[in-house]
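Given these sequences and hints, build the entire structure.
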Amino acid sequence: MANIGLYIELKEGVFKKSNRELLSLARKSGQPVHAVLFCPDVQPYLEELKGIQTVIQVQGADLTYQPDRYARTLAAVIQEFKLDIVCGIFSAQGKDLFPRLAAKAKAGLVNDCLAVDLDTRKAIKPVYSGKLLAEYQIDAGTALFTIRPNVIAVETTTATKTPEIKTVALDNGELQTKIVSVEKSASQKIDLTEAEIIVSGGRAMKGKENFAILEDLAKVLNGGLGASRAAVDAEYASADMQVGQTGKVVNPKLYIACGISGAIQHFVGMKTSKIIVAVNKDPEAPIFKKADYGIVGDLFTIVPLLKEEFKKVLS
Amino acid sequence: MNIYACIKQVPDTEASILIKDGKSINEAAIKWIVSPHDEYAIEEALKLKEKIPGSTLTAVCLGPERVQNALRTALAMGADHAVHVESSVALDSQNTARALAQVIRTDKEFGVIFMGKQAIDDDAYQLHILLAEELAIPVATNVMAFAFDGGKVRVEREIDEGAREVIDMAVPCVVAAAKGLNTPRYASMMGIMKAKKIEIKKTPLAETGVDEAQNKVRLLKLASPAEKPQGRIIAGEAADAVCELVRLLREEAKVI
Ligand SMILES: Cc1cc2nc3c(=O)[nH]c(=O)nc-3n(C[C@H](O)[C@H](O)[C@H](O)COP(=O)(O)OP(=O)(O)OC[C@H]3O[C@@H](n4cnc5c(N)ncnc54)[C@H](O)[C@@H]3O)c2cc1C
Ligand SMILES: Nc1ncnc2c1ncn2[C@@H]1O[C@H](COP(=O)(O)O)[C@@H](O)[C@H]1O
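Going line by line, the protein sequences match chains A and B.
Here the first sequence is numbered in our numbering, starting from 31 and rising by one per residue.
Here the second sequence is numbered in our numbering, starting from 253 and rising by one per residue.
Careful, some of the hints might be misleading.
Cross-link-like lysine to aspartate or glutamate pairs, in silico, EDC-like; alpha carbons within 16 Å at most [what the hints assert, rightly or not]:
| hint | chain 1 | residue 1 | chain 2 | residue 2 |
| --- | --- | --- | --- | --- |
| 1 | A | K46 | A | E226 |
| 2 | A | K304 | B | E504 |
| 3 | B | K473 | A | D147 |
| 4 | A | K301 | B | E479 |
Read the hints as simulated data drawn from the structure, not as lab findings.
Here you go:
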């Protein structure tokens, strides 16, 4: 029997939806599952956590994310609860926290997994920007895995058993790396790495103001807004919107690329999207070789029509 | 300040990657480059060096013989020294961190260590933090703004969509660069000539006390992802094509 730990990520108290993927994976393994939550009250989350063995609640006066404290606390939890494997989300926080935990718990870590086998401690992750898939195994010690959002099918559980709640205290040691503040962006944007639908624009947008038509489309679909590097470099879009090798890796159900040629460095950032749609006026554009559906035409005509059509069918 | 940049040599972003024996890639036709995020690291390191008189920049790279070209690139951009940790074996991130830490530790006065947020070959996303933990110094990754004032480092890093964390760290520390931090300079002709004359210091892996046998994370195999079948172009008048596309997304692909 291996003890499976899950780091449940809460964003300002909100249960991130990718946690359900971790829970689905762990429940399926049939091993005892222990979920760790840093929060003053676990009650609001118990419905989501049904059927697992323990909820480990980390308590402390100030539970705001500080990487050193979180990592040391989790390293102590691994010891106390004899966790053999710990999984988390490959999110901004997961990327920051898990390597710190790996160092503190002297554990091996594989980030950005597309599949994890909890019995054999094997995982598959993209390498060479997704041009290849690598299978890794962590033999000894605790094994850590972070899992890319939107890759594991979420299964609702029929389990009714409520987990046992145990509490541990937040580590209160010194902070080497101190987060002094978090500046939120003015507009509440959707997190691209977890978005289910993304509308993206390229150099063809020709101007910052023209991104408004993509934003309108994204809004109708409740999706996020992305961009190619050419669009970011031309300052039509902000750096946090860039998808690709030097930008974000995204994995939505639907990716709509508008006026993007489909260069390899862009493609590697969105290739695992379930469905790729391309709108481009050049029928020879490489993006059409990679898209599931394509429309050859001027995006300034197609995008507003698309918005109206989606609006119609979604209402 | 004794500034460091840890860089990795990786295949060019355009290169097609072929598997050789199930566990490694065919290196024959590959053009090698400095990993793109590591170029941001070198640039930021050079800016800091220019800001603090008397500073030096040392570029460090672990890998086989060929990585000396990456170190030459860093020297041509303006680094003063280069250290090649000679290793022809595959080390996991923890072991690589230990080997690099051994090299950097020999300098009692090392200052800021710049790295990239990820190397675009293994995309392991961890060496920067592991190195910092090994050296017991603070670290921030995914850094988009860097400032050094009054002996302290302040960085901004992107977290979720557009939100930015502001982080304060004492020196020494590790800063891992993301796109947006700066625009890397090109090496000048003079820089390239100068770089040719600088001797690259070689440290055999054995000297660091690290070996492959201590790897915790083991690569079992490499595989090519399944190719997507060729997609479909939806022909017709714009309005009709759009209707058809939306229908297909709903009824065939079932994504909306
Ligand atoms: C080291 C490195 C890293 C890189 N990292 C990234 C990265 O992370 N992300 C990234 O995206 N790129 C990256 N690139 C750049 C990449 O190689 C391409 O240059 C870039 O993706 C091109 O962007 P684009 O498709 O918007 O522009 P273009 O290639 O110029 O394509 C514009 C497209 O718009 C079409 N078009 C023009 N007008 C219209 C219209 N009115 N309606 C419809 N279609 C129209 C054109 O037919 C064309 O296909 C990187 C490059 C390097 C060297
Ligand atoms: N072999 C290496 N030698 C020196 N620095 C490295 C090496 N591998 C990775 N790095 C540094 O660590 C960063 C993160 O790499 P990774 O964790 O492998 O994605 C890279 O951007 C480099 O700055």
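For each hint, the structure was consulted:
1. K46(A) <-> E226(A): Roughly 13 Å separates the two Cα atoms, so the pair holds.
2. K304(A) <-> E504(B): holds (12 Å)
3. K473(B) <-> D147(A): Satisfied, since the Cα-Cα distance of roughly 15 Å is no more than 16 Å.
4. K301(A) <-> E479(B): Since the Cα atoms of K301(A) and E479(B) sit roughly 10 Å apart, the hinted pair holds (cutoff 16 Å).
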